[in-house]
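Could you build all of it, start to finish, from the sequences and the hints given here?
First residue of the sequence shown: 8, per my numbering; consecutive thereafter.
No wet-lab data here; the hints were simulated from the structure. Treat the hints loosely; a few may be bogus.
Claimed, not checked - Label-pair ranges, simulated between beta-carbon atoms:
id, residue 1, residue 2, range
1, His914, Glu501, 39 to 47 angstroms
2, Pro657, Pro1043, 52 to 60 angstroms
3, Pro794, Thr898, 32 to 40 angstroms
4, Val461, Lys710, 46 to 54 angstroms
5, Gly645, Val461, 54 to 62 angstroms
6, Lys710, Ser674, 32 to 40 angstroms
7, Glu192, Pro159, 32 to 40 angstroms
8, Thr898, Ala466, 28 to 36 angstroms
Given the structure is predicted, the values throughout are model-derived calculations rather than measurements. Note that beta-carbon positions come from the ideal geometry of N, C-alpha and C, so glycine has one too.
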Amino acid sequence: MIFQDFFLARVYDLSCRCLARSSDPTCAVRNLTLPLLAWFLSTSGYTRRVSSPRVLFTVALLGVAAFASSALVPSAEPTAATLEPIRYGRDIRPILSDRCFLCHGPDRAKQQAGLRLDSFEDATAARKNRPAIVPGKPNDSELLSRIAEHDPAKVMPTPESAKRPISEHERELLTRWIAEGAAYESHWAFTPPLAHAPPVVVNAAWPRNDIDRFMLASMERVGVKPSEQASDEDLVRRVYLDLTGLPPTPSETDAYLADASDDRYEQLVDQLMTVEPYASRHAERMSVPWLDIARYADTSGIHMDAGRQMWLWRDWVLNAFRTNMPYDQFIIEQLAGDLIPSASIDQIVASGFNRAHVTSDEGGAIDAEYRLEYAVDRVNTTGAAFLGLSVGCARCHDHKFDPVTTEDFYSLIAFFNSNEEPGIYSQAPDANRALEPFVEVPRKEDAPRLSVLVEAEKAARVEQSSAGASEAADLAAYVADVRAGFTPVATRVESAMSRGGAVMTVQADGSVLVSGANPASDEHVITLHTDARDMRLLMLEAMTDASHTDNRVGRAPNGNAVLDAISVEAVSIADPTQSRTIELTWAWADYEQENGDYRVVNALTKGEGRQWAVRSHEVPGSRTALFAAKEPFGFEGGTALRVTLNYDSPYAQHIFGRVRVTPLQASDAALALLPEASSAWYIAGPFFAEASVAYGSDFGPEKEVRFARAAKFGTVGASAEWRHAPGVLEAQSVGLAASPGAEFIARQIYSPDARTIELSFGSDDGLVLFHNGVKIHENKTDRAVAPDQDRVTMTLVPGENLLVCKVVNTGGQAGFYHRAIVRDGVWDRAMVALVAPEGKIRAEAAEEAKNGWRTRFSPTFVAAAAKIDAIAAERAKLLATTPRTMVMKETAMPRETFVYTRGAYDHPDTARPVQRAVPKILGSLAADAPRNRLGLAQWLVSAENPLTARVTVNRVWETLFGNGITRTSDDFGLQGEWPTHAELLDSLSVKLREGGWNLRALVRDIVTSATYRQSSRVRSELALTDPSNRLLSYYPRQRLSAEQIRDGALYTAGLLKEQLGGPSVKPYQPDGLWQETAMLGSNTREYAQGAGEDLWRRSLYTYWKRASPPPTMLTFDAPTREFCSTRRIVTNTPLQALALWNDPQFVEAARFAAARTLRESSDDRARIELLYRRATGVHPSDNARMLMEAVLAENRARYQAAPSDAMQLLSVGSSARVEDLDAAELAAWTMLANAVLTSDATIVKD
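In structure tokens, the structure reads:
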């Protein structure tokens, strides 16, 4: 019954709101609402129900204010065009843009009949019949004829366009405009803002600052007077809510009322923005809209929606607002903090703005696709946040309405697509990870010890490098012995050919230089002649050349190279009929690109879609690789070695520009020194089954003898295919799918000879191992994963060995661990570089090889290394819980950017490369500006950019008044609305920019204006002259935001725990929501509700899961934050009433508000006054007080008669029940407090 009463009251409230917000007699919503309201007020059933005093009070609070403010008279708001001369930008362009530009606008590809109406030259040009527009001659203008046509085949817009026909009023405007000369003008937002002198007004006593003079002048032009100033109580509550997000306490209001100083209001405003605790509250209030814009969340979105750390960036935003950081600096550091010379850690953290977007960890997805998607998101966000433009509409074609071309769009993409990031992130159990690139920000208490450790490590490294002369001699002798076992043989290059037509020129040093044609893919065949026999290895050197770019080895524009495959054929010179294909079984390289599966062993097999990439675009210098043959090769009488280098990778022109191939002889003992070479790890599954079934079932991977990346197992889909698993790392535990069944982890191990190795494993739960399709180990167990749980010996064959690890999960989170056991007599990977002759290996690789020797044979080095390891372990322990946050990190060389056909990542139009630039309609970067994100950011806040200051001023205005000066705050383009006060917008924009981008000063100017201080009462005479309140002749009432409603309830109850910043928290939410939206393997599948103070922090600290945002926030119109949201659309729904009435957060708040009230007074009248003032900021009216007394009496009787109901009500929430107050009395006051906290008087700002 209580729910029904409240629901009916809430519907009554919504009816009143609909009436208040729709004064148009033709409005469907209004016409539906009037009979609905009449039904509520007249039917006997409703009369019986609202006979309850409690519901009558609720109805009164929820509905009276809305009903009183409704203006039920016809709308006849005049347009500006009836008052002033016709303006193209204000009066004509919106018509043409809405009805004509789709087919006759700036999109070159979609222009119909060769007609373009957004340009004076095109619109007035001679045509086959007559021009579309003839200035001064409406009767000769084809445009007017076509819009007046009745023939469907001729009328414009066409019926097929689904556009509204041009109205009579619009035809009149177009006719007047053409008659007056059809003057075009630049779009107002694309011209630089200019400061305007404040207009002279008749009522000179009313304005308090220049804002008021602009506002009043507009009112006086149409005979409208401003409203009287709001009551002191209303004004204090308004400014507290706008500046801090929290209502004033009764004592704060009383202090203001008792202050007799003339500038008491200005003093209050300054206090709310600069004095603690208000300054921190102000920062929290201002940060929430920015978090929407930045699409800030605690999870990655799409697919697994995995958790990640970003809250340090959120705290940076809070601190920026708390300290009133100049807004230009605020923008620059977020867009390019990492690129600022000698950037501080805070500036690097700020760059996380560009990383707050959705990311993917979907198995089988393509890195390049998502790298482009991330860049697109950054451009869309930059366009919306700082330019107020929907630049993303130009991704696939020129913008339909705005002068933004696809070249413009991809020129912006070029600024953002060179971040050092993978496209697809690994799946991991850690919901608190930060996705690379990231930075660690040590806690203040850890900083001293970390500094000590840094100095200790420096000292240990100095000690480590202080080897004596005898050690150097020992090392030299060892290297000489090694090289004696690996002997380069003499060869000469007989020929070199390119399938793609490149010129292959043999150099004096035996290398081959590639020049001329540079096809997207190619195949180079180099033929060597040698008299040597018993060769076992090939050394491939990718060399730099003066003809290459910046000391890089690749022919791609960025200097990188990718080898798809290498193959070798040996032919007898003495008897050419004798030949054999050399089977290569092992590979090593001194450098492998790390942002994907680019290991050198990939080049051993062609057609697998895996390559060896060398990252030359970011790390210049030569590269060296070694390839071992299964058996010795070479013919008596000489051998022709035909070495084929295949470059059929997806990466166009990524071809080595100069190479040298050298065969080597090697003894068996020398080959035994070489370590195994491993591929990257791959995962297949999970395959869902009960554990007992999973052990005995053959899902497919168990039988694999050779790895095939394209293999499919069971049903077709990502879960039944091999997918790259970069998150599986040596000697580290990794989480697997949290569901019963089996998951497979596999890699190839390449051995230069037959040998036995030992491997260490851990698993959660059971583990079954297969070597080349044969089961070699099984452990059926239930356990958590840990290092070194199982040790297994494997006997390797020369060449490829496939290891498949089957992890059987019996329930809960699964996991896997792997480590190769180090063996004496086998080198580590770095020491292989000792094989290469001096000068034929990268200096860094050569030094690493020497360190490998020192690790085995130098006591001084080993002792220092032990110290370094101990220091690293302590540092790792300190950093294990150190906060991290995602940041930007520019690649050493920018990625090449093209226009992508239809926006598809795999269709770059290589004939249309683009350079970093801003949209041409907005100008260009300064000649001396850096061509990177820093240069872009500097341009955004420069006087050359006409938009950023306007967008910022308009957004602040919208935050305070509910609507911007231009109401389309998300669109400053041609589809956007003309500003209601264009000269004011421009003047404030110039003042903001020239005044040091002082956002706090802007806010102060607005909230101290007489315009802001007006009463919110709607005057009946405004229904005809200003029904939509575009003149702001009264203050617009606004429902509070989701955060303000929840925070206000907690604050009123005395529950709010205030602390600026910190990790996100998890307050109350219904059970099971996360499970409904999460995949089985997601690390945010289970919602672990917080405890204690975590339940009562301000709402902006609530953990934000994109697939399932906090439900109460969503109910009150918060966005999901899957993309940039520059404004919230306010709705009114019955679900909001249910949330306010039933959410444990609000019930608990009502319980504490009631207990607080009972303790502070013993008189019911005083208690009612105090409760109402705390929630609403004003004294209750006599009628409201009477209703509250009746509600209280009713609920006292109810709970005294039903004490168990009282106990049930008082048990809601995690906080302990109050024991020192009578339960029935507390329950009655709880019900009253809940009605007050959920009333319009509380959740609406007057």
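task = Would you pick out the hints that fail for this structure and give their numbers low to high?
result = none
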